[in-house]
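Those protein sequence lines, which keep their order, are chains A and B. Take 1 as the starting number for the first sequence in the working numbering and just add one per residue. Take 1001 as the starting number for the second sequence in the working numbering and just add one per residue.
Check the hints yourself; a few may be wrong.
Stated by the list, open to error - Derived lysine-lysine pairs resembling DSS-like cross-links, with alpha carbons at most 30 angstroms apart:
1) Lys200/A - Lys10/A
2) Lys1240/B - Lys1221/B
3) Lys1186/B - Lys1088/B
4) Lys1221/B - Lys200/A
5) Lys1088/B - Lys1066/B
6) Lys10/A - Lys1221/B
I should point out that these hints are in silico values taken from the structure, not numbers from a laboratory. What you are looking at is a predicted structure, and each value in this text was computed from that prediction instead of being measured.
In case you want the letters, here they are:
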Amino acid sequence: MSAAPLLEVKDLRVEFPTRRGTLVAVDGISFSIAPGEVLGVVGESGAGKSLTGMAIIGLLEPPGRIAAGEIRLEGERIDHLPADRMRRIRGRRIGAIFQDPLTSLNPLYTVGEQLVETILTHLEVGHDEARRRALRLLAEVGIPAPEARIDQYPHQFSGGMRQRVVIALALCAEPRLIVADEPTTALDVSIQAQIITLLKHLAREHGTAVMLITHDMGVIAETADRVAVMYAGRLAELGPVREVLQRPRHPYTVGLMGSIPKLGAVKRHARLVQIDGAMPRLNAIPAGCAFNPRCPQRFARCTAERPEPLQVGDTRTACWLYADGPR
Amino acid sequence: MLAFILRRLAQAVLVMLAVGLIAFSLFRFVGDPVLFMLGQDSTPDDRERITRLLGLDQPFYVQYAKFVGRAVQGEFGLSLRQVQPVSKLFVERLPATLELSFVAATLALVAGLTMGVYTALRRNSWLTQFLLAVSLLGVSLPTFLIGILLILVFAVLLGWLPSFGRGETVAIGWWSTGFLTWSGIKALILPSITLGLFQMTLIQRLVRAEMLEVLRTDYIKFARARGLTDRAVHFGHALKNTMVPVITITGLQLGAIIAFAIITETVFQWPGMGLLFIQAVDFADVPVMAAYLCLIALFFVVINLVVDLLYYAVDPRLRIDRAIATH
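Pulled out of the complex, with its shape left as it was, chain A reads as follows (with noise of 0.2 angstroms):
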């Protein structure tokens, strides 16, 4: 891993101010992207994966904020930047992939003008250009035939191929940073495999970085260099994908683990492990610890006192059971 990192995000904060009181949806979180690396962002429904992900590409949805805490795009901070600048970002420098590949496309426009649109938006190229270049990027994300489709419509593409589009979109400007936001949950279980391996096979050739948002273990496990596990809009763990894997630390990613159903298990019928109750609600997000209520090994400190993450062995976690060094 290079010593400068692409993107670092530094104790961010997102807020939804709301009649009620604010709402602190992600809390302190910090983390660093190096180029041409994969992080994986696994939590829950709610854990903030998502809107720690449109922050960084500035399209939080208002009354939605950044109340605090900077993200740096090499090296130059981008949360706050005026609108303007901000845009020329998205796209040219970091592109992004959302989960509807059904929706994400504007249905009256064809596939190849909605290409060349982005393309001459950011690069300074003429229109035959932009659509050669369209070409070639249908052609590399596996588009058969794509001299016959740059000119059809959405609506003529099946779900898998429409995802294909959508990522030739969010490389079309040759980003460094893409940010995919459950970029396979949409889709039929057969085509994510497909996308999963066409996405990291293109990060890997152009040299991208991915933030891989997703609470999909079995993609970050293929696809992630790195993983952060997020939970009630905190960081639980981070670390490298094998390690967090096999010995994962925080009880919360313990129990995320526990309940993936493996294949061949060692006992025929032993019970998957489930983790109980559920994730707190925005408003009530207990003190010290957030994970607190539901965890098996909670001692005085954890109702308390918030864990800091610590650097235990090569990740880092939020765990007051770590204090003293690693067990």
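Starting from the known structure of chain A, fit chain B onto it as the hints suggest.
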């Protein structure tokens, strides 16, 4: 596409035949035109002569067939009141109504669209609040009241604009136009505002609602994530998607404008078809009423046909010759 047009044309013919039947039955059920023309103290001989002259002694279906045959050629017989061919009366009056409706519809569409887009994009500005309040008035005030208020302010109190009539007109062939003289244009202003105001506010509210809906969609979010300019997102992507429902309503409203010109023409003594119709009702001048009914129905049918064709132009998903989605 051709099959679609032919099918719609066949439907249109059916609609027109049905309307023709209703119009024709007016002859049989709205009083006795012969008695009305000749007065109470006419002799039976006179009555019989007129009855035969007007062809009123023949059986129902023969009269209907003759009526349809003549109507297709634009021939609706003699006006009972003015003893002139109905077609001649309508040719005289048609330009006045069409010019008024055209100006009113253009005003409604251009102003309604502009204000709708503005109020959707600048949701919190004071001008938006003001326009929304005014539009509520426009929707709820009856047309004749608006006409009378406008006359009071601009014709009586300020004396800027004429309160009735078309002003000077210039004849181009059989078409008499008010567009070419200053007094003709001045005379158009108040009636077209009166006629178009309701439609304008309706279009404004519709465009605003649709636009707000579209701005929430995933493809708009994705368009922003691609770094497209606000202008491209709002006017290229969002506005085009708002147009489909707007075209429907606007098309129907255009027909309504022509039909509801009756009230405006009465208020402003505008020498158009509406005024002709009102006078015909007073005199039970059935041929004129029947012709008016058929003509208005024809306008509606033609407008609906054009609207359906416009969908095809705007929305590629509706085009019949679409390729089947492939994997």
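Each hint tested on the structure:
At roughly 26 angstroms between alpha-carbon atoms, lysine 200/A and lysine 10/A fall within 30 angstroms of each other, so this suggested pair holds. Simply put, lysine 1240/B and lysine 1221/B have alpha-carbon atoms about 16 angstroms apart, close enough for the 30 angstroms limit, and the pair holds. For the suggested pair lysine 1186/B and lysine 1088/B, the alpha carbons sit about 27 angstroms apart, so the restraint of at most 30 angstroms is met. Proposed proximity of lysine 1221/B and lysine 200/A is supported: the alpha carbons are some 24 angstroms apart, at most 30 angstroms.
Distance hint between lysine 1088/B and lysine 1066/B is fulfilled; the C-alpha atoms sit about 19 angstroms from each other, no more than 30 angstroms. Restraint check for lysine 10/A and lysine 1221/B: the C-alpha separation of about 25 angstroms stays at or below 30 angstroms, so the hint holds.
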